[in-house]
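There are 2 protein chains.
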Amino acid sequence: MGDLQQLAKRARAAAAKLGTLTTETKDAALLAMADGLERESSAVLAANTKDMEEARGQGVTGALLDRLSLTEGRVKEMADGLREVAALRDPVGEVVDGWRLPNGLQVEKVRVPLGVVGIIYEARPNVTVDAAGLCLKSGNAVVLRGSSSAINSNAALVKILSEAASTAGLPGGCVQLVEDTERETARELMKLHGLIDVLIPRGGEGLIRTVVENSTVPVIETGVGNCHLYVDESADEAMALDILVNAKTQRPGVCNAVETLLVHREVASSFLPEAAGALGEKGVQIRADAEARALMPGSLEAVEEDWRTEFLDLVIAVKVVAGIDEAIEHINEFGSGHSDAIVTDDYGRAGRFTAEVDSAAVYVNASTRFTDGGQFGMGAEIGISTQKLHARGPMSLPELTTVKFVIHGSGQIRP
Amino acid sequence: MGDLQQLAKRARAAAAKLGTLTTETKDAALLAMADGLERESSAVLAANTKDMEEARGQGVTGALLDRLSLTEGRVKEMADGLREVAALRDPVGEVVDGWRLPNGLQVEKVRVPLGVVGIIYEARPNVTVDAAGLCLKSGNAVVLRGSSSAINSNAALVKILSEAASTAGLPGGCVQLVEDTERETARELMKLHGLIDVLIPRGGEGLIRTVVENSTVPVIETGVGNCHLYVDESADEAMALDILVNAKTQRPGVCNAVETLLVHREVASSFLPEAAGALGEKGVQIRADAEARALMPGSLEAVEEDWRTEFLDLVIAVKVVAGIDEAIEHINEFGSGHSDAIVTDDYGRAGRFTAEVDSAAVYVNASTRFTDGGQFGMGAEIGISTQKLHARGPMSLPELTTVKFVIHGSGQIRP
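Top to bottom, those sequences are chains P and R. When the letters of the first sequence are read in order and numbered with my numbering, they come out as residues 591 to 1005. When the letters of the second sequence are read in order and numbered with my numbering, they come out as residues 591 to 1005.
All the given hints hold, so there is nothing to weed out.
When the alpha-carbon atoms are kept at most 20 Å apart in a straight line, the in silico DMTMM-like pairs for lysine to aspartate or glutamate are as follows:
#: 1; chain 1: R; residue 1: K607; chain 2: P; residue 2: E923
#: 2; chain 1: P; residue 1: K599; chain 2: R; residue 2: D915
#: 3; chain 1: P; residue 1: K599; chain 2: R; residue 2: E946
#: 4; chain 1: P; residue 1: K699; chain 2: R; residue 2: E946
#: 5; chain 1: R; residue 1: K640; chain 2: R; residue 2: E712
#: 6; chain 1: R; residue 1: K699; chain 2: P; residue 2: E684
#: 7; chain 1: R; residue 1: K781; chain 2: P; residue 2: E795
#: 8; chain 1: P; residue 1: K781; chain 2: P; residue 2: D593
#: 9; chain 1: P; residue 1: K607; chain 2: R; residue 2: E916
#: 10; chain 1: R; residue 1: K599; chain 2: P; residue 2: E923
#: 11; chain 1: P; residue 1: K599; chain 2: R; residue 2: E923
#: 12; chain 1: R; residue 1: K599; chain 2: P; residue 2: E916
Hints were generated in silico from the structure; no laboratory data involved.
Chain P with its partners taken away, still in its complex shape:
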């Protein structure tokens, strides 16, 4: 039996015990893990320095290097994140539905942990701690498979987390890191159907595609966000401008930022010059279709590929449309089903947009930047699902559970 299979079997054994622990025990462990991280932050930072040196040696710079970097402050943030998770409501044991059958059988649908959750993710070491906290709180064992560039940081973090968890009474094997970062090992992990209950990839489009194409374990797809803002003919243009600038520039590198602006022809001549000015001030590059270009000084010509692209940067694609039909059609064809918004004062069109745009989150008169477990008041999030099965939109603790039917009888048999 391979090392990875043994690791997964340890996780399964741990999961069987985790599912029956009280919330008090799990919360105490999360707090102990938080304290452990702060107490041993120097070990974490030393491991991170190694990763940073290797990355620099390989010519990594800029945002990528920044995502890998840990500081005393970032370790503190991770610890505080665990404390926040401890304060959230435990989803396990919630009776989500229940009824009595005519024959007297009492049927209940009860929330239980998924079992073993696998996370495959890219450079950010904070995912290690966030994912471990959310999985344990919801009663799941977690198998973490980070990237080779963060291997020293991740190993140091998991060592601290699993020691603290053990000391606090959680079963051994509840948090494990796959230390072999060969590509082959990740593929082997994706084939552990029956040992791992769900795989959640967190990272870029390439990673997510690889997992979807190779996994026999059920997958929850997360994150790719090609989001749209449609400015309707009846829009309050000042509101539309505020929302546009916020959704594009408040934090352009994230999945819920807007990537394409669609504007109704009737308001294009008044709105687009204003938009060009406001976006220009923020340093946004504009890639527009012919009609919009004529109204947006300094804009470039958009090509078909721009409609499909999640820029994750200060770049926006702009298109003039004939009306809400064309807007909805464009979004459903080119979007990624993440978050899309309309600005309108028209009752009927607001209703059509929310009904017909096939995305996880649809907004009327608000910025797409709110699609986030924390912003929605759901607590910390493990990711944002852009698929339709199991969970859609921000996923927090309840999305890390399944249900079980519990049936109490007094000897009923089927006639």
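Dock chain R against chain P, hints included.
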């Protein structure tokens, strides 16, 4: 573009329209489909005769041939099934959760159709009609891929269903059959990620495994049921005997029938001889471990494989266990996570069994044969999920939907 891709794109276009139809329109279409089946039953029966002749020519007999066979009565049952689905509550539009954020944003989580549902199934032609009815009622387009042995029956059924649906105002392409029954085509269907939203295989273990291993479309696994009955030391033995006979023999060929009996050592000497007699009367073959064999006249020796086998027949495996720990361990190791029951009068052990057995349905003092959408009062079912993601246990209309976040604002932007 391949034929299959074109078919899937037609389904997607139909799904976009189906999602916005009223319940009245969908129900009228279901009733029209039911009437159509009855009116044109002779065409269905003629097509079925062709399938039956070919099957007989290939040497098919017995239960397999019976599953393929249609009669006037069976066509009527299919039509009545559609009428029952029309009478069920429409899940689309249900607001499953909602709240107001501190900034005034109104967040709602609303049930919407999955989109395009693919069903890959074996010989029974009634699945064609059942699946079409449930998918349309829940606002989904459906792509059906039955087996080659039922191709004439399925084609006749789908022709009637889709004509009736069109006439009643449903979009063309809402019910389609993949008429090419080559194995390669099924595999191509499993790769239509982005066009098909979910695949549900219905059939034997081999079919389900093939779909899980080859699909990039999310899959809901259904059906394999290696179910257990554990008779605890505190059991009411008369009740245990009734439940055993019911769960094993009332209909042995289905997934919620019991396949393994576990008996506490303390009651083995009184219970097992009675069980041997009662099962013997029903013609059940007993495969027992050494300890049970000594107490069950006429029983055969069980081998390891018997613990893993879904017999789907008048065969049962029997094992004596030391107590509830060994029973739970056995079930979680060898079971398929479908339905398992304990017979006990002990409060603590009833609680441990329901908490620790990791199955879709866990019973105290009742037959496992109740795991069924109809029996549970959920209405017709599309299958019984034995996986943990999205749905677990019997799946009816709500399980054929997903949710969407709808957010109404008045200009909110993220600070």
